[in-house]
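Peer 1: What follows is the residue order along each chain.
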Amino acid sequence: MEDFFQGYKGKALEVLKKYNVRVWGKAVIETSRGEFKGTVLPRSENDDDQHIVLKIETGYNIGIDIVTIKRMKETGYFKATYKIPEKEFPVTPNLPKVKLLGTGGTIASRLDYRTGAVIPAFSPGELYGAVPELADICNLTTEKLFAVFSENMGPEQYKALAIAIGKEIENGIDGIIIGHGTDTLSHTAAALTFMVQNSPVPIILVGSQRSSDRPSSDAALNLMHATTAAGHSDIAEVMVCMFGPTSDEYGFLHRGTRVRKMHSSYRSTFRTIGDTPIATVSRKGVVPIKEEYNHRRKDRKVKILPFFEEKVTIVYYYPNMQPDIIDSLVESGYKGIIIAGTGLGHINKPLYPAIERAYKKGVHVFMTVQTLWGFVHMYVYDTGRDLMAKGIIPLENMIPETAYIKLGWVLGQTNDREEVKRLMLKPINDEITQREPYNGYLIYQGGVPEVEAFIRRFRK
Amino acid sequence: MKKSSSPTKKFDPHKNYQSTMKSIGYVGRKKAKPEDYKRIGFKSGLEVHQQIKTKKKLFCRCPAGIFHDSNDYHAEIIRHMRPTLSEMGEYDGTALMEFKTRKDITYRIHNQTTCTYEIDDTPPFPINREALEYALEISLLSKLNIVGEVHITRKQYLDGSIPTGFQRTAILGVEGSIQLKNKKVGLIQLSIEEDSCREISDIGHQRIYKTDRLGMPLIETVTHPECFTPDELREAGEYIRFLNRSTGKVRTGMGAARQDTNVSCEGGTRVEIKGVSHLKWIPELSHNECFRQWALLNIRKLLLEKVKTPAKWELKHVTIDPREVGIENELVVSYLDEGYKVVAICLPQFKGILSHFTQPGKCFANELSDRLKVIAGIEKPNITSSEDLDIPLDTKDLDALSRTLNASEDDAIVLIWGIESDIPTALEAIQERCIMAFEGVPRETRRPMADGTTLFERVLPGADRMYPDTDSAPIPLEQSYIHNLSKNIPMDIADRYRQMKDWNIPSDTYTYLLKKNLVPVIEQLVKLGVSGRFAGTFLGHKLKYVEGKIEKHNDFTYNRIVEMFEFLNTQKLQPSLAKLMLPTIYQHPNMDFNSVLTSLSFKHRTKDEMLAPIDYLLEKFREIRVSKSDSPKIALNWVMGQLNRQALGNVDLKDLQKSIEKKLAKQA
Ligand SMILES: [Zn+2]
Numbered sequence: 030m031e032d033f034f035q036g037y038k039g040k041a042l043e044v045l046k047k048y049n050v051r052v053w054g055k056a057v058i059e060t061s062r063g064e065f066k067g068t069v070l071p072r073s074e075n076d077d078d079q080h081i082v083l084k085i086e087t088g089y090n091i092g093i094d095i096v097t098i099k100r101m102k103e104t105g106y107f108k109a110t111y112k113i114p115e116k117e118f119p120v121t122p123n124l125p126k127v128k129l130l131g132t133g134g135t136i137a138s139r140l141d142y143r144t145g146a147v148i149p150a151f152s153p154g155e156l157y158g159a160v161p162e163l164a165d166i167c168n169l170t171t172e173k174l175f176a177v178f179s180e181n182m183g184p185e186q187y188k189a190l191a192i193a194i195g196k197e198i199e200n201g202i203d204g205i206i207i208g209h210g211t212d213t214l215s216h217t218a219a220a221l222t223f224m225v226q227n228s229p230v231p232i233i234l235v236g237s238q239r240s241s242d243r244p245s246s247d248a249a250l251n252l253m254h255a256t257t258a259a260g261h262s263d264i265a266e267v268m269v270c271m272f273g274p275t276s277d278e279y280g281f282l283h284r285g286t287r288v289r290k291m292h293s294s295y296r297s298t299f300r301t302i303g304d305t306p307i308a309t310v311s312r313k314g315v316v317p318i319k320e321e322y323n324h325r326r327k328d329r330k331v332k333i334l335p336f337f338e339e340k341v342t343i344v345y346y347y348p349n350m351q352p353d354i355i356d357s358l359v360e361s362g363y364k365g366i367i368i369a370g371t372g373l374g375h376i377n378k379p380l381y382p383a384i385e386r387a388y389k390k391g392v393h394v395f396m397t398v399q400t401l402w403g404f405v406h407m408y409v410y411d412t413g414r415d416l417m418a419k420g421i422i423p424l425e426n427m428i429p430e431t432a433y434i435k436l437g438w439v440l441g442q443t444n445d446r447e448e449v450k451r452l453m454l455k456p457i458n459d460e461i462t463q464r465e466p467y468n469g470y471l472i473y474q475g476g477v478p479e480v481e482a483f484i485r486r487f488r489k
Numbered sequence: 002m003k004k005s006s007s008p009t010k011k012f013d014p015h016k017n018y019q020s021t022m023k024s025i026g027y028v029g030r031k032k033a034k035p036e037d038y039k040r041i042g043f044k045s046g047l048e049v050h051q052q053i054k055t056k057k058k059l060f061c062r063c064p065a066g067i068f069h070d071s072n073d074y075h076a077e078i079i080r081h082m083r084p085t086l087s088e089m090g091e092y093d094g095t096a097l098m099e100f101k102t103r104k105d106i107t108y109r110i111h112n113q114t115t116c117t118y119e120i121d122d123t124p125p126f127p128i129n130r131e132a133l134e135y136a137l138e139i140s141l142l143s144k145l146n147i148v149g150e151v152h153i154t155r156k157q158y159l160d161g162s163i164p165t166g167f168q169r170t171a172i173l174g175v176e177g178s179i180q181l182k183n184k185k186v187g188l189i190q191l192s193i194e195e196d197s198c199r200e201i202s203d204i205g206h207q208r209i210y211k212t213d214r215l216g217m218p219l220i221e222t223v224t225h226p227e228c229f230t231p232d233e234l235r236e237a238g239e240y241i242r243f244l245n246r247s248t249g250k251v252r253t254g255m256g257a258a259r260q261d262t263n264v265s266c267e268g269g270t271r272v273e274i275k276g277v278s279h280l281k282w283i284p285e286l287s288h289n290e291c292f293r294q295w296a297l298l299n300i301r302k303l304l305l306e307k308v309k310t311p312a313k314w315e316l317k318h319v320t321i322d323p324r325e326v327g328i329e330n331e332l333v334v335s336y337l338d339e340g341y342k343v344v345a346i347c348l349p350q351f352k353g354i355l356s357h358f359t360q361p362g363k364c365f366a367n368e369l370s371d372r373l374k375v376i377a378g379i380e381k382p383n384i385t386s387s388e389d390l391d392i393p394l395d396t397k398d399l400d401a402l403s404r405t406l407n408a409s410e411d412d413a414i415v416l417i418w419g420i421e422s423d424i425p426t427a428l429e430a431i432q433e434r435c436i437m438a439f440e441g442v443p444r445e446t447r448r449p450m451a452d453g454t455t456l457f458e459r460v461l462p463g464a465d466r467m468y469p470d471t472d473s474a475p476i477p478l479e480q481s482y483i484h485n486l487s488k489n490i491p492m493d494i495a496d497r498y499r500q501m502k503d504w505n506i507p508s509d510t511y512t513y514l515l516k517k518n519l520v521p522v523i524e525q526l527v528k529l530g531v532s533g534r535f536a537g538t539f540l541g542h543k544l545k546y547v548e549g550k551i552e553k554h555n556d557f558t559y560n561r562i563v564e565m566f567e568f569l570n571t572q573k574l575q576p577s578l579a580k581l582m583l584p585t586i587y588q589h590p591n592m593d594f595n596s597v598l599t600s601l602s603f604k605h606r607t608k609d610e611m612l613a614p615i616d617y618l619l620e621k622f623r624e625i626r627v628s629k630s631d632s633p634k635i636a637l638n639w640v641m642g643q644l645n646r647q648a649l650g651n652v653d654l655k656d657l658q659k660s661i662e663k664k665l666a667k668q669a
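Line order of the protein sequences matches chains G and Y.
Read in our numbering, the first sequence has 222 at position 193, and its numbers run on one by one without any break.
Read in our numbering, the second sequence has 21 at position 20, and its numbers run on one by one without any break.
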């Protein structure tokens, strides 16, 4: 049945019904504040039931307070449906074949101007309509695997993605890009690093910080950078491709295990932690920063390892944390705990007995640092040594979220204490690095004359 | 039989310009009569933008009203604006064309006035309630129907003037009115919005903005197109400005108020002239725009007489090496050295069109040149032709070109130049503009120039550029809130006019008094017992004079004037003393009033003290007088002259005069 009152509820719905005015109906509304004319729009479900939304002739939206309404009359009705124009994506001989796998994040989209709803562009034809430059970069095909928000991506999706990637590689694709919301982009990147090993082609995760319905969106450029990296670069790893600076200039390719979203809203939010990004990418191509990486190969010998144990968690330590936090996790059946400790990897003494109890119950407990940069060093203080004696294993400079994903992946394969430890400490792709380069930690502070001079000259 | 001739046949573009100006019946603004505007169907409305005086910006917590020099910045950000798909799922043709020529937009950022919001790296914070309140007061004063809920809307701008690519704006009220001298003009709506960046430069493919003004709260009042002469338009503009200022909650000074005016003639199109900073320019600008449209309609008529199927009209072009062709035109030759490509274009049947009058000093060729600059990014001068008003191609050059282009007698010949990658867009732009000439007046926005003419700025955006801001929640405006606000709004401007008339204030002061929102000050002075006429003249003449002569101290406010009159009241001094004191308090508002008087060598005297020396002075006058026959009038004037300065403030000069007259009468 057709919903004539989209989003309206309670009193506002009663008023619409009383006067027989529908959503998309043209209405004249007489109120104690004067007369208003316009088209009744759907109401967002989270908004109150006291107002009716109207698009007036000049294109603006306004709300009418229902308590002021004296009379209301529908004088016309027009409902339009919109869709993205579909243009055939041109196939160009000699350009690489790139596959876009969709997870639900919108990279390209267009807006329903009346409701503000974002209509995602996804098929190659739609994408070509929105970003025609893509046809000069690669021959693009797409597949929508699922439609979930970034925060709802989880083990099931990681596994499905890994399997789909394996199939694409087998079928001879030259590069893969994965459209993804940015909030948990790095978690998925870590998961795919562990689940898809020895890939002969680049696997690029990409998103956007500003939706593509706005003229200043980073989406189109990110998509161009990602297709360039997937189709043309020599780096056959799982990487995240997002803006380098906030300006429309170039993107970074970050290793999937060391990347993290570091700002809630900046375009240049993704940073490699404790190392440099692997490369920069612009529309001209990929320029490596790191000398060592896995090179593109002709063979199709990829290893797909789609495993994940869900009873794994991260505990973010704070002063005065009570032992019952740990106990309750153990009681709830958690098999692995990643602790993000303070400083070099610390927690307070009252937690020790709880850690001991957990260890005895067979729970795997690992230590990372909440400072994000730097290594866990548990030998420096006696307390750290005590902790290790109680069964906590330090994870060097693995960042906590990567550690969480890796532990889930490892426990999905084995529960053997020694094997788990061995797998956790053996890096698959730099989730633990041997050394931290001097330029791996660069958080400059504003106000320093040299920094200001640098920003003014170089940071765009 | 006549031999077929080429376009090189003697043609005088200046003569053509003059004769076309005459044939459309152009009259200068000063000579234009209401009948002239009626004849061409002048129709016009206004969008008045006014910054409101808040401490902070509209959607972030940066300070408002602090401005920087263009080279005073901390960082730069580069963005490109990408057209989004329109309602029908297509890109707007010109938007896409502009995107192809691609502008690098650079924002210069100063940390004091810009945070991550302005550069679109952080979503908006909740709307500034102070700004909303002030804007609502002005909406109430404009007699608008106030909305029940404010919805923040995004209005797209692709020129880069706002880094997001859209302006956040919201309607507060619809359908109000203002009462002018002879008519009522309707208001379509009033919105609150964020101000845009200030442009530093726009050269070639590089546009630079600064972000200090960006995000400052602004209101926009839009009138119906109900002004039928340029004078009515100006009156409406002034009324709205006075109304805004009467709240005391708006900014004044350079750029604080700007007008867009939309103009059309009978059969023309609504064209917007953007960002006129002075109301006094509006009559000239709207006058010229209306006649430009009238001229374009004449061009349309002329073209349709010659070209039967405009849809098939197409320009011919060929890339040339001017040296090979033997072109000697100095302009063209000078660009060759910069590695520019030169293209010769034949516009079939356009002879006499290129030099057709459009605006004073401008012709149809300027319409092409403007578009080459804006759309293809080719700096001016970017064109010359067989009909150029400055340096037209000479006969020899034209002969060579018409052979190359195979042009005929009725065609016009144009040369353009630019870097190779801009040429395709340039040709598209010329083709497009010429096709529009068959249709009449293109929908566009135009940029005002100081000489009263306008330049093409951009294609008028379609209606599909508005969409809801998904980052902001609607803001309800409860009945009680609006009710409370409406209690505090100032008096109507129409009533202010009436008030000034009732006080018998000279009408030459009205504009100044309203512009500076001084009528409430007069009201306060009247409460202190000063006559309305005196107060009005004092402010409208004396204050205006002082303002023009003396630099104001930052601490000076009109309230200091009220305090001065209060002081005179309690000291039982005459209001006339205020005229002497004003220049001093204007410069030194923090000086106490007694010190002001001391600095003016003023001595307080009672009336008796003042009158005491009269006898002595009359005596003295008799000693120094030249002739015994001097009339009492001369004696009076002389004595008055001696006492005038001391009397000022101590006694009313009329009283003084009467006392002297009395004594004179006694002596006689
Ligand atoms: Zn700010």
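By construction, these hints were calculated from the structure, which means they are not laboratory data.
Bear in mind that the values here come from a model prediction, so they are computed numbers and not experimental data.
Among the hints, a few may not be true.
[As the list claims (entries may be wrong)] Here are the simulated DSSO-like cross-link-like pairs (lysine-lysine), alpha carbons at most 27 Å apart as the crow flies: (1) Y:LYS144 with G:LYS313; (2) G:LYS108 with Y:LYS381; (3) G:LYS102 with Y:LYS31; (4) G:LYS66 with Y:LYS156; (5) Y:LYS184 with G:LYS66; (6) Y:LYS281 with Y:LYS516; (7) Y:LYS31 with Y:LYS250; (8) Y:LYS545 with Y:LYS182; (9) G:LYS389 with G:LYS378; (10) G:LYS99 with Y:LYS44; (11) Y:LYS621 with Y:LYS580; (12) Y:LYS185 with G:LYS66; (13) Y:LYS104 with Y:LYS342; (14) G:LYS55 with Y:LYS144; (15) G:LYS450 with G:LYS188; (16) Y:LYS655 with Y:LYS580; (17) G:LYS313 with Y:LYS342; (18) Y:LYS663 with Y:LYS250; (19) Y:LYS573 with Y:LYS621; (20) G:LYS40 with G:LYS116; (21) Y:LYS281 with Y:LYS182; (22) Y:LYS488 with Y:LYS573; (23) G:LYS99 with Y:LYS488; (24) G:LYS66 with G:LYS108; (25) G:LYS55 with Y:LYS655; (26) Y:LYS573 with G:LYS66; (27) G:LYS66 with Y:LYS144; (28) Y:LYS250 with Y:LYS317.
Peer 1: Hint check: LYS102 of chain G vs LYS31 of chain Y, CA-CA at most 27 Å. Holds or violated?
Peer 2: violated, 50 Å
Peer 1: For the pair supplied as a hint, LYS281 of chain Y and LYS182 of chain Y, is the alpha-carbon distance within the 27 Å limit?
Peer 2: OK: LYS281 of chain Y and LYS182 of chain Y at ~18 Å, within 27 Å.
Peer 1: Could you grab the alpha-carbon distance between LYS621 of chain Y and LYS580 of chain Y and see if it respects the 27 Å cut-off?
Peer 2: Measuring from Cα to Cα gives roughly 30 Å; hence the hint is violated.
Peer 1: Take a quick look at whether LYS66 of chain G and LYS108 of chain G sit within 27 Å of each other, Cα to Cα.
Peer 2: holds, 17 Å
Peer 1: Measure nothing beyond the straight line between the CA atoms of LYS389 of chain G and LYS378 of chain G; if it is 27 Å or shorter, mark the hint as holding.
Peer 2: holds, 18 Å
Peer 1: With the threshold set at 27 Å, check whether the alpha-carbon distance from LYS184 of chain Y to LYS66 of chain G stays at or below it.
Peer 2: holds, 25 Å
Peer 1: Tell me if the straight-line CA distance from LYS185 of chain Y to LYS66 of chain G falls inside 27 Å.
Peer 2: Distance ~21 Å between LYS185 of chain Y and LYS66 of chain G Cα, so the pair holds.
Peer 1: Hey, LYS545 of chain Y versus LYS182 of chain Y, does the alpha-carbon distance stay inside 27 Å?
Peer 2: Measuring from Cα to Cα gives roughly 25 Å; hence the hint holds.
Peer 1: Under the criterion that the straight-line Cα-Cα distance not exceed 27 Å, is the pair LYS99 of chain G, LYS488 of chain Y satisfied?
Peer 2: The hint holds at about 24 Å.
Peer 1: What's the verdict on LYS663 of chain Y and LYS250 of chain Y, does the C-alpha distance respect the 27 Å limit or exceed it?
Peer 2: Not satisfied, since the Cα-Cα distance of roughly 53 Å exceeds 27 Å.
Peer 1: Need the status of pair LYS488 of chain Y, LYS573 of chain Y: alpha-carbon distance at most 27 Å?
Peer 2: Given that 27 Å is the threshold and the Cα spacing comes to 36 Å, the pair is violated.
Peer 1: Would the pair LYS144 of chain Y and LYS313 of chain G pass a check requiring their Cα atoms to be no farther apart than 27 Å?
Peer 2: violated, 58 Å
In summary, the structure is inconsistent with hints 1, 2, 3, 7, 10, 11, 18, 19, 20, 22, 25, 26 and 28 from the numbered list given earlier, while agreeing with the others.
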